[in-house]
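Peer 1: Taken in sequence, the protein lines are chains U and Y.
Reminder that position 27 of the first sequence reads as 27 in full-length UniProt numbering, one-by-one numbering, no gaps.
Reminder that position 43 of the second sequence reads as 43 in full-length UniProt numbering, one-by-one numbering, no gaps.
Keep in mind that the hints were calculated from the coordinates and are not lab data.
You may find that some hints are simply not true.
Said to hold, decoys possible - From chain Y, some residues computed to sit far from chain U (all C-beta separations above 10 angstroms): (1) ARG87; (2) SER94; (3) VAL95; (4) SER164; (5) ALA225.
To be verified - These stretches of chain Y come out as covered by chain U in the derived footprint (C-beta under 8 angstroms, 3 or more residues): (6) 108-120; (7) 138-144.
Glycine included, each C-beta is placed from N, C-alpha and C at the ideal position.
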Amino acid sequence: MFAEELKTIRRLGIRHVLLQLLNFASVIASGLMIWKGLGLITNSESPIVVVLSGSMEPAFYRGDLLFLTNPANVPYHTGDITVYKVPGGQIPIVHRVLETRGVVRRASSSAKKAAAKGLADEGKEGAVLRTQPEAEVEQLLLTKGDNNHIDDIDLYEGLEWLERRHVVGKVRGFLPYIGYVTIAMNDFPKLKYALLGILGLVALVQRE
Amino acid sequence: MTRPRKARNGATPSPSQADDNEGPTASTSTTRPLSLLNLALSPSERDEVKVNNSNLTDLKNACDDAVKRFLSRPDLFKQIHTHTDVRLALGWASVFVAAGTAYYGWKVEFEQSKPVVWAGLIIYVLLTALQALYAYFVEGDVVFVGKRKTFEKRIVTERITLSSHTTPSKSSKPPSYHLTATYVRSASGGKSLLNRGNASQGRGYTTFFDEKGTMDQERFETWVAELVDKVTEDKSQ
Chain U
1 MFAEELKTIR RLGIRHVLLQ LLNFASVIAS GLMIWKGLGL ITNSESPIVV
51 VLSGSMEPAF YRGDLLFLTN PANVPYHTGD ITVYKVPGGQ IPIVHRVLET
101 RGVVRRASSS AKKAAAKGLA DEGKEGAVLR TQPEAEVEQL LLTKGDNNHI
151 DDIDLYEGLE WLERRHVVGK VRGFLPYIGY VTIAMNDFPK LKYALLGILG
201 LVALVQRE
Chain Y
1 MTRPRKARNG ATPSPSQADD NEGPTASTST TRPLSLLNLA LSPSERDEVK
51 VNNSNLTDLK NACDDAVKRF LSRPDLFKQI HTHTDVRLAL GWASVFVAAG
101 TAYYGWKVEF EQSKPVVWAG LIIYVLLTAL QALYAYFVEG DVVFVGKRKT
151 FEKRIVTERI TLSSHTTPSK SSKPPSYHLT ATYVRSASGG KSLLNRGNAS
201 QGRGYTTFFD EKGTMDQERF ETWVAELVDK VTEDKSQ
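Looking at chain U on its own, in the form it has when it is part of the complex (with noise of 0.2 angstroms):
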């Protein structure tokens, strides 16, 4: 087979051969940008993830791919599912919000800080924050796996409350089983490296 290959990059010459690599490298590189883009638009490092463990049946099974934002000054609230990642620890965790602490400050104002802090997640709250759309929000969570018993304290690793910061993104939708090609390219490399050249091989064989 790379006979035919070799004689037919000979005769067409080496611009040829860079053109065939540009096709292969332009979409990879048209893959990365869309993946850094979505980032970009959902403010979230990594808008869709799969989710590993099964500490949230019945609503995600492990295998269940996630789709991610992480709106920049709007608050989280009790009930919401949220992609965290502890400083320190290995994986991102979804985990649904138990408690929040809230912290509002409008940025020009901080008498209205001193006013607004402490306020606990009642169901009131939230008319307030949410009266304030210019305001910064600073938020503690506290999260739980619907099908733990215990809630997260001890995976925050020495920390008490979880920050804004640490959050990866709020969950907005899911695909179901989806997520096992992913879970399946982990655990056996190969397959990962076996899926990059077929698709490698196929583009620099074909024309457009």
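Since chain U is already given, all that's left is putting chain Y on it; use the hints.
Peer 2: Below, chain Y alone, put in the same frame as chain U:
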């Protein structure tokens, strides 16, 4: 004009053509470039071209490649690669911008990396858009752009552009390959125009490809040669 170097199948330039090219005639602007019809290669010197008969893209690509191979022979035209080079430059630039942005985004923490990643993303989109626009508007259907300089009393430059497109099959006709040739002949660095020509012809793919998909390159090259001759002929004669 140098004598063709490769052994021909018994074909040599006919006496009238040799006269045209060697000595200056009464009016040099009416000399005609060497007819291409006698430049067929012997079958044993060719690589066989075999394509998938049912794939129109493959057929078109095979014909385009044959045109490029034929016309960029040392004794014919010299291919100008500007279109390809622009595409390569824009394409590879966008790939490197994408790679750099992705690497930066991976190394630097998310919030900090945002402005640079935005910049990289916008530059990538611009480069890709430029490349697409260039390919669509400027390059279009062009398959081959060639140049040739000959010297008879003064430097004469010829420039030929070939573009091709495919018409898919209709109930009565097989799919066909259309070649359009544009030719300009000028002297003194392009300032005085000596000749200009335009011609377009189509042939069904069945003319050049047999049922196994092997390309009859001689017949194809003869057809291309006829077309090029038609477009280079001097109308004032």
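Peer 1: Indicate, hint by hint, whether the structure satisfies it.
Peer 2: Now the hints, each set against the structure:
Once the 10 angstroms rule is applied to beta carbons, Y:ARG87 is inconsistent with being away from chain U; the minimum gap is 7 angstroms. For Y:SER94, the condition that its CB be more than 10 angstroms from all CB atoms of chain U is violated, with the nearest at approximately 6 angstroms. The claim that Y:VAL95 lies off the interface is violated: its Cβ sits roughly 5 angstroms from the closest Cβ of chain U, which falls inside the 10 angstroms cut-off. Consistency note on Y:SER164: stated as away from chain U, and its beta-carbon is indeed over 10 angstroms from all of that chain's, at 14 angstroms minimum.
Its beta-carbon lying about 20 angstroms from the closest one in chain U, Y:ALA225 satisfies the requirement of being farther than 10 angstroms from that chain. Residues of the segment 108-120 of chain Y with a Cβ under 8 angstroms from some Cβ of chain U number 6, which satisfies the need for three, so the listed coverage holds. Only residues whose C-beta sits within less than 8 angstroms of a C-beta in chain U count toward coverage, and the segment 138-144 of chain Y has 0 of them, not enough to reach three; the restraint is violated.
Going through the hint list in order, the structure does not satisfy hints 1, 2, 3, 7.
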